[in-house]
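Protein chains in written order, with our numbering: chain R, 3 to 252; chain A, 3 to 252; chain Z, 3 to 252; chain B, 3 to 252.
Since the hints were made in silico from the structure, they are not lab data.
Quick caveat: nothing in here was measured; it's all calculated off a predicted structure.
Each hint should be verified, as a subset may be incorrect.
[Stated by the list, open to error] Coverage of chain A stretches by chain R, computed from C-beta distances (three or more under 8 angstroms per stretch; other residues unrestricted):
#, segment
1, 111-121
2, 143-153
3, 166-177
4, 191-202
Heads up, the beta-carbon is just placed ideally off N, CA and C, and yes, glycines get one too.
Protein chains: 4
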Amino acid sequence: MSGERALRALVWNEGVHEANRNPPSIAEHYPDGMHGAIAAGLRRLLPGAEVSTATLADPEHGLGEQVLERTDVLLWWGHAAHDAVDDAVVERVVEHVLGGMGLLVLHSGHFSKVFRRLLGTTCSLAWRNEGERELVWTVKPSHPIAQGVPNPLVIPEQEMYGEFFDIPDPDDLVFISSFAGGEVFRSGVTFTRGRGRIFYFSPGDQDYPVYQQAEVQQVLANGVRWAAPDEPQRRMPRVSNPPREGFAQR
Amino acid sequence: MSGERALRALVWNEGVHEANRNPPSIAEHYPDGMHGAIAAGLRRLLPGAEVSTATLADPEHGLGEQVLERTDVLLWWGHAAHDAVDDAVVERVVEHVLGGMGLLVLHSGHFSKVFRRLLGTTCSLAWRNEGERELVWTVKPSHPIAQGVPNPLVIPEQEMYGEFFDIPDPDDLVFISSFAGGEVFRSGVTFTRGRGRIFYFSPGDQDYPVYQQAEVQQVLANGVRWAAPDEPQRRMPRVSNPPREGFAQR
Amino acid sequence: MSGERALRALVWNEGVHEANRNPPSIAEHYPDGMHGAIAAGLRRLLPGAEVSTATLADPEHGLGEQVLERTDVLLWWGHAAHDAVDDAVVERVVEHVLGGMGLLVLHSGHFSKVFRRLLGTTCSLAWRNEGERELVWTVKPSHPIAQGVPNPLVIPEQEMYGEFFDIPDPDDLVFISSFAGGEVFRSGVTFTRGRGRIFYFSPGDQDYPVYQQAEVQQVLANGVRWAAPDEPQRRMPRVSNPPREGFAQR
Amino acid sequence: MSGERALRALVWNEGVHEANRNPPSIAEHYPDGMHGAIAAGLRRLLPGAEVSTATLADPEHGLGEQVLERTDVLLWWGHAAHDAVDDAVVERVVEHVLGGMGLLVLHSGHFSKVFRRLLGTTCSLAWRNEGERELVWTVKPSHPIAQGVPNPLVIPEQEMYGEFFDIPDPDDLVFISSFAGGEVFRSGVTFTRGRGRIFYFSPGDQDYPVYQQAEVQQVLANGVRWAAPDEPQRRMPRVSNPPREGFAQR
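Next comes chain R alone, as it looks inside the complex (with noise of 0.2 angstroms):
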């Protein structure tokens, strides 16, 4: 990202647990939504940042062509309703993070139609909601991700997610995470598709204030700056019928 121009953050949650208060610690956990948590902590960490928020009652999912436009980042958070997601604008995301934009995909949005619409597997995973404590390490300790992260980075309580994690190979593997009960899971890993960057990280479940926790913001901050396209307009790769030679007119 060129320093001129502000980098532009737009954190989307489906902002389901928190219109139905479910769970009930929710509201104490998150009175602005995790958007809300989530977006707080981008501000503080990337202070140039333009960073606002979205949900799936907005029209258009509060996902417009001309929003898009306007987007280097995309963080998603789904769970409840990831079928509620329209398919055009599934399409239009996709296209988007083809063409250039990134793309950050939190814990349960492993299964929104966004990500394995990009993915092409299943994204099934173990998982086992018991309040167990992640430990999150470093695997690639001089991935820009990384940077500034604890070794391992402490989660008191959270959603159990094990492997096996039914993901295509990723680009770099950043984080491996174990729980309490012996579990391990890739949960931090990047992937590229058309020329848009990908960063997925397991984290996160409603049941537990883990986006408070100063490490897993910079954990996001580190994925936003990463995830940033170098230019600010989408380049979606395009079939082309070069003549022979025609590199050599230019």
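Fit chains A, Z and B to the given chain R structure using the hints.
Okay, now just chains A, Z and B, sitting in the frame of chain R:
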């Protein structure tokens, strides 16, 4: 693959160029269709294998559930009729791949629904059909698919496929091609999706007798052997919800 | 590997712990040495293979040129005497690997001269020897090395090896372990160097009877089969100075 | 890199071709040496950076401990005098890379002691010096090193470097070149070793004014920016022996 059971390969070709005698040369180059030539090459090089063929015109495109259950590796050639492939068949093939079936995608199959669905990207590329010489260079000589393949493999006339080829980073890059006009292409790449192994190999346009070339047949036979699953039954990755220490009870 | 010729595996163990009866339990756990137990497992699971052993005390450490020429896959266990391995032998082993010989590096062999020379990094890690339970989870179930291996593989007592493990990004990440204390480790990783396939597998400390465990023996047998070269003769990559169109003359 | 501190790049060139005026054209192409041209390009494109140069003839080859401590990214050009580089200096450079220093290895530097020591392979390749046109194609357009680089980048005359290039699988494959004679080469590849980021870029023979080309300078400037460590101090990976739950005490 256990040596006890015959490897079962199914060569699928849309068969539209052959049916339409378009280009006219196809009947001369491929009296039994491209699928016929590919199958003959596999039978020659994998004498213990059971090799069959299917085309778009067959009921369910020849890709019914019972057929796929008995298939270890599916080869896919398509070009003129990608959209005519039934979405339900596409989803069935995808599920079999995720459950372990091997898949070889050939030439213009890069734009098939199956391949794009499994990879998630546009799979777009540059192309020019002027019968240029293609040189296929081995860049991972230890890979099983490269065994017995000359370096370079010389294809006298071929359609040019050039970068940028919009695919995810492959697991292994086995071959890179150059063309007379100077373009390059990642022409032999492998992927894993779910439990399935996928090999894409780009040489093989309907205008040229590429699949009659013994070295190309060697690549395909190597690919079939490599992509064959270790166990015959499909095991699609699924969500699980294991109890704590559940693994200790076994 | 062609099915016609017997696969030849050589299990190398420095043999120092055994010679010094240190720890005292080693004679009970491994009456024939760790190499003896490993070799017995391979003979059980690869009945057609020729399996032999060698130790540091043998002339040329049992790794003379003629021995290596007749070896398809070398397994390496070392710990107390890495520095006692002759540099000329190290270089000989490295050249055979680059020329195509398979290599399995076991447990504390991460610090062997051979492994560090081939990988180029420090291969350092975190460790703690308190007999913690190790759970070995499969994260690439389609990989040949994972076939028939329970998920997780439970090792009742083992030395803890933890991240950050300073290795290059592996070709394939097959296993991730967790330990009772919460640490994680990339415990099963593959690399290609030159024409040689390398598999590192971390379980197997001299204090515990890990190599007597049938599931661990399965992993090693799978690894030997996977690492075996497709052709018996060594072909070290070399510089060439080809004339233009030299490939067309063949 | 924090924007607060100037990025410090050091361009190292053995300087032997220049000192010997061999080839005679070198004085015309590179009146200030290849290192001078490379440094000038970096100063033009990275105006805030501190760019210095060093050569083999300098005391300690200009690569003393204090110099390296103040270097964020080292660029390395060598060809005629690889063996004249002192082993202690090689080990010092390697330790700085493993501790976080960025490294760009250029053209015939593929055979430098530093590069081979870090990669572990022979780094051998095919070559032919007949002044063939090289086309450098971008195959990962989202990579920071590809920003602003034409696709293809046309180099009118260059030495041919061809596959098989005996390197480990790179982290990222950014560029693939083709040559007039038809060979291909993985000409832009990245690696991580320890905490250090490494970029190898093959164009740049002493016989041709490649480093005077603005697009080549763009690639090198991009590479320097990409390889620069996020934190200035070196942190070589080391063995640790943590107590159980030691991480909980912090």
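Structure-based check of all given hints:
1. Using a Cβ-Cβ cut-off of 8 angstroms, 3 residues of the segment 111-121 of chain A lie near chain R, which meets the minimum of three, so the contact claim holds.
2. Coverage of the segment 143-153 of chain A by chain R is violated [criterion: at least 3 residues with CB-CB distance below 8 angstroms; count 0].
3. Three residues within the 8 angstroms Cβ limit are the bar, and the segment 166-177 of chain A against chain R gives 5, so the coverage statement holds.
4. Counting residues of the segment 191-202 of chain A whose C-beta lies closer than 8 angstroms to any C-beta of chain R gives 4; at least three are required, and the coverage claim holds.
Violated hint: 2 only; the structure is consistent with all others.
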